[in-house]
Structure formats: structure tokens, C-alpha cells
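Under the numbering used here, the first residue of the sequence shown carries the number 1, and numbering increases by one thereafter.
Treat each hint with caution, since some may be false.
[Said to hold, decoys possible] In silico DSSO-like pairs for lysine-lysine, Cα to Cα no more than 30 angstroms straight-line:
| id | residue 1 | residue 2 |
| --- | --- | --- |
| 1 | K36 | K102 |
| 2 | K171 | K146 |
| 3 | K24 | K146 |
| 4 | K284 | K30 |
| 5 | K64 | K235 |
| 6 | K213 | K321 |
| 7 | K45 | K82 |
| 8 | K217 | K235 |
| 9 | K360 | K171 |
Please keep in mind that the hints were generated in silico from the structure rather than gathered at the bench.
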Amino acid sequence: MTNILIFPFLSISTGHHHVADALKADLESKGLHSEKIDIFSHTYKHLEQLSSSAYLKWIQYFPKTYSGIYKLLACGECKNVKRYAMYEWLFMQSMRQILKEKQPDIAFCTHALPSYLLNRLKPEYPNMTIVNVYTDFFVNQVWGRKNIDYHFVPIMDIKKQLMTEGISQEKIFLTGIPVHRAYETGTADTCQHRPPYTVMITGGSMGVGGIFKLVQKLSPGGNILYKILCGRNEKLYRYVKSLQHPFIEAIPYLHSKAEMNSLYAQASGVMTKPGGVTISECLKKRLPVFIYHALPGQEEMNVNLLKERQLVTDIRNWDMKRAEERISAFFQSNERAAAEKQVREYLGQMCDREIGEVLKRILDECEHKKTPS
Numbered sequence: 001m002t003n004i005l006i007f008p009f010l011s012i013s014t015g016h017h018h019v020a021d022a023l024k025a026d027l028e029s030k031g032l033h034s035e036k037i038d039i040f041s042h043t044y045k046h047l048e049q050l051s052s053s054a055y056l057k058w059i060q061y062f063p064k065t066y067s068g069i070y071k072l073l074a075c076g077e078c079k080n081v082k083r084y085a086m087y088e089w090l091f092m093q094s095m096r097q098i099l100k101e102k103q104p105d106i107a108f109c110t111h112a113l114p115s116y117l118l119n120r121l122k123p124e125y126p127n128m129t130i131v132n133v134y135t136d137f138f139v140n141q142v143w144g145r146k147n148i149d150y151h152f153v154p155i156m157d158i159k160k161q162l163m164t165e166g167i168s169q170e171k172i173f174l175t176g177i178p179v180h181r182a183y184e185t186g187t188a189d190t191c192q193h194r195p196p197y198t199v200m201i202t203g204g205s206m207g208v209g210g211i212f213k214l215v216q217k218l219s220p221g222g223n224i225l226y227k228i229l230c231g232r233n234e235k236l237y238r239y240v241k242s243l244q245h246p247f248i249e250a251i252p253y254l255h256s257k258a259e260m261n262s263l264y265a266q267a268s269g270v271m272t273k274p275g276g277v278t279i280s281e282c283l284k285k286r287l288p289v290f291i292y293h294a295l296p297g298q299e300e301m302n303v304n305l306l307k308e309r310q311l312v313t314d315i316r317n318w319d320m321k322r323a324e325e326r327i328s329a330f331f332q333s334n335e336r337a338a339a340e341k342q343v344r345e346y347l348g349q350m351c352d353r354e355i356g357e358v359l360k361r362i363l364d365e366c367e368h369k370k371t372p373s
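All chains should be built: construct the whole structure from the sequences, respecting the hints.
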């Protein structure tokens with residue numbers, strides 16, 4: 001039996017965990033068990049909640065400081081192997097203990113930190129297969145490179161970047177950011193192709209970002225029905241409900257991906273932050289994406305590439321009083337057809353192989369390694 005570990009980071013419900021869950025579901029569909037381990041919770045169980053809260057407050061109240069430190073520590077060209085002594089001091093021993101106890105055949109990393117640690121430890125575990133599964137449209141310097149066996153990349157730009165860094169093309173698979181199997185299922189196209197259009201607004205579940213201000217600035221004129229996905233943000237949910245506006249609807253926390261899939265089927269477009277997973281779900285559903293805010297760090301980097309590839313529309317500098325007029329015009333114009341063409345081209349690059357095929361190849365190779373010669 002193949003022993004499989006999946007490493008996200010922190011317990012916040014971020015893209016790292018969503019991708020880990022998607023991988024877990026794919027593996028389970030093949031009858032394979034896998035275990036998801038957060039190295040932070042495993043090492044500092046009692047500090048994890050405090051640390052997550054501090055992180056969210058940092059990016060909410062001091063975004064420029066976070067952005068500057070992120071760019072200093074994690075950005076730039078990966079020409080030389082960079083050591084992160086603090087990460088090693090905090091987590092290396094714990095990672096060694098996990099590997100000793102679990103003896104994984106395959107380790108999937110959906111976050112840069114465990115990838116960095118496993119990249120350092122690979123010489124001690126030569127038979128372990130390590131896979132980087134990138135969850136954004138930007139790859140920072142922290143991600144392991146040299147000793148990583150395979151890379152699941154989201155876009156051709158990242159594949160080219162890794163190849164210029166000396167990684168063999170055979171190790172890189174253009175899979176896109178993995179999305180949960182629930183979103184692969186075909187749903188009837190129930191969205192409106194004429195006013196009122198249904199536009200989902202997401203990105204407020206953790207209480208950070210600009211969704212509250214965006215909702216306050218909305219000026220519904222009847223051409224768009226706004227569905228605000230509030231997640232666990234009770235303050236946002238209560239506020240939207242209090243508006244009692246016929247064209248602004250509060251959507252509470254969704255308990256299943258099937259519910260989310262149903263909402264996607266009804267939507268004409270999505271206003272969101274440029275988180276890698278949300279963007280990938282929208283692209284998979286061929287939904288126009290309007291970016292209203294970007295958190296410092298990865299989302300800043302994501303939006304730059306997504307704009308360059310014309311996969312999203314940046315509305316951060318729009319006058320929100322006229323936003324409905326402009327979005328309605330978008331749905332009825334050649335601009336929409338041009339955007340759909342860009343999305344088709346992007347999806348057409350996916351994939352060297354379907355992610356299920358890639359997983360099967362990796363699993364077969366692991367089984368072959370274990371078979372006595």
C-alpha cells in the first residue's frame with residue numbers, strides 16, 4: 001500500500017488546504033488513503049490559533065509592511081540555493097519526526113514551507129517522492145527546487161520559469177491549480193444571459209480584504225443581482241441582510257461543494273480577490289472574473305500575471321457607482337468574447353496530461369520503486 005502525505009500549512013481555510021483536499025479526493029477516487037498534516041499545528045499545537053490570528057491581523061492592518069517583507073524574503077530570481085535558518089530551526093526536527101514515524105512513499109506539498117523542508121531532507125530519504133503542487137500563479141523562492149521530483153504548475157509561465165532555473169521539462173506537469181472533483185461535474189447552464197445578470201461576490205470569509213467596503217459602495221440599478229458569499233463572516237452576513245435590498249442577497253456559509261457548484265452554475269460572473277484556487281474554479285467554469293481587491297503577498301503577484309494574460313478584469317480603480325453599468329456592458333460586448341477566447345486558450349494548455357493521469361503515473365513509479373528487483 002502506498003503511504004501518502006499531503007502538507008498544507010496553518011489551519012486557516014486557505015487555498016493550500018483547498019488544493020490539499022482536492023488531491024485527497026482524487027486519491028480517494030482511486031481507492032488510496034492519504035493523510036493531511038499541517039507542520040505548524042503538529043509542532044506548535046497551542047500556538048497555531050494565535051499565530052493564524054496574528055497573520056490575518058497583520059495583512060489587514062499593515063498590508064504595506066507585509067508586502068514589503070514578503071517581497072524581500074520570498075521574491076526575486078532563484079539562482080542560488082537560499083537557506084532559511086529560522087524555518088529550519090522552528091520546523092526541521094518536527095518534519096524529521098513525521099517522516100520517521102509515517103515513512104511516506106509520496107509527499108505532496110501545497111505550501112512553500114514544507115516543500116523547502118522536504119527539499120532539504122530528501123538526501124536522507126532518497127526513495128521518497130516529493131511533489132510540489134503550486135496553489136498560486138507565482139512561485140516564490142521558498143519552494144524547494146533541486147530535490148523535488150515533480151512539479152504541478154498552474155500556467156505556462158511557471159513551467160518556463162522552472163525550466164530556466166534548471167528543472168527538467170519531464171518533471172513539470174501543466175495541470176493548472178487542482179480544484180475539487182465536485183467542480184468537475186457538469187451542471188445545467190441556468191445563468192441569465194440577459195439582465196438581471198447574477199454576479200457572485202466572494203473573498204470575505206476570513207474577515208480580511210475589501211469586501212465590506214465593496215458592498216457598501218454597490219449601487220444596484222436592477223441589471224445585476226449580487227450574491228454575497230459571506231462564509232463564516234457573521235458580521236458581513238448580518239450587514240448584507242440588514243440592507244434588505246432586492247438585488248443584494250446574502251449567502252451564508254455553504255456546507256458542501258455541491259452547493260457552491262450550483263451557485264457557479266447560476267452565475268454570469270464573479271467579483272473576487274485573486275486567490276489561486278478561486279480563480280482556477282472560475283476559469284474552469286469559464287466565468288468572467290472581476291478583481292476588486294488583492295491582499296499583499298501572493299495575491300498581488302497573482303493579479304499581475306492574470307492581468308497580463310487577460311484572464312481577469314481589474315476593477316480596483318473603478319468608480320463603484322458606475323460599476324454595474326460597466327459590468328452589464330461587458331456582458332453584452334465583444335469584450336466578453338475576447339475574454340472567453342483567452343480563457344479557452346488557457347484551458348487548452350491544460351494539460352500535458354489530466355491530473356488523474358499524472359497521479360497514476362507517479363503512483364505507478366512509487367510502486368515500482370518498492371518492488372524488489
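Verification of the hints:
A threshold of 30 angstroms between alpha carbons decides the hint, and for K36 with K102 the separation of about 12 angstroms falls inside it, so the pair holds. With a CA separation close to 11 angstroms, the supplied pair K171 and K146 stays within the 30 angstroms bound. At roughly 25 angstroms between alpha-carbon atoms, K24 and K146 fall within 30 angstroms of each other, so this suggested pair holds. Between K284 and K30, the direct Cα distance comes to roughly 22 angstroms. Compliance with the 30 angstroms bound is thereby established for this hinted pair.
Annotation: proposed proximity of K64 to K235 holds, straight-line Cα distance about 25 angstroms (limit 30 angstroms). For a cut-off of 30 angstroms, the pair hint linking K213 to K321 stands: about 13 angstroms separates their Cα positions. For the suggested pair K45 and K82, the alpha carbons sit about 28 angstroms apart, so the restraint of at most 30 angstroms is met. Taking the CA atoms of K217 and K235, the gap is near 17 angstroms; set against the 30 angstroms cutoff, the hint holds.
Between K360 and K171 the CA atoms are separated by roughly 15 angstroms; this keeps the pair inside 30 angstroms, and the hint holds.
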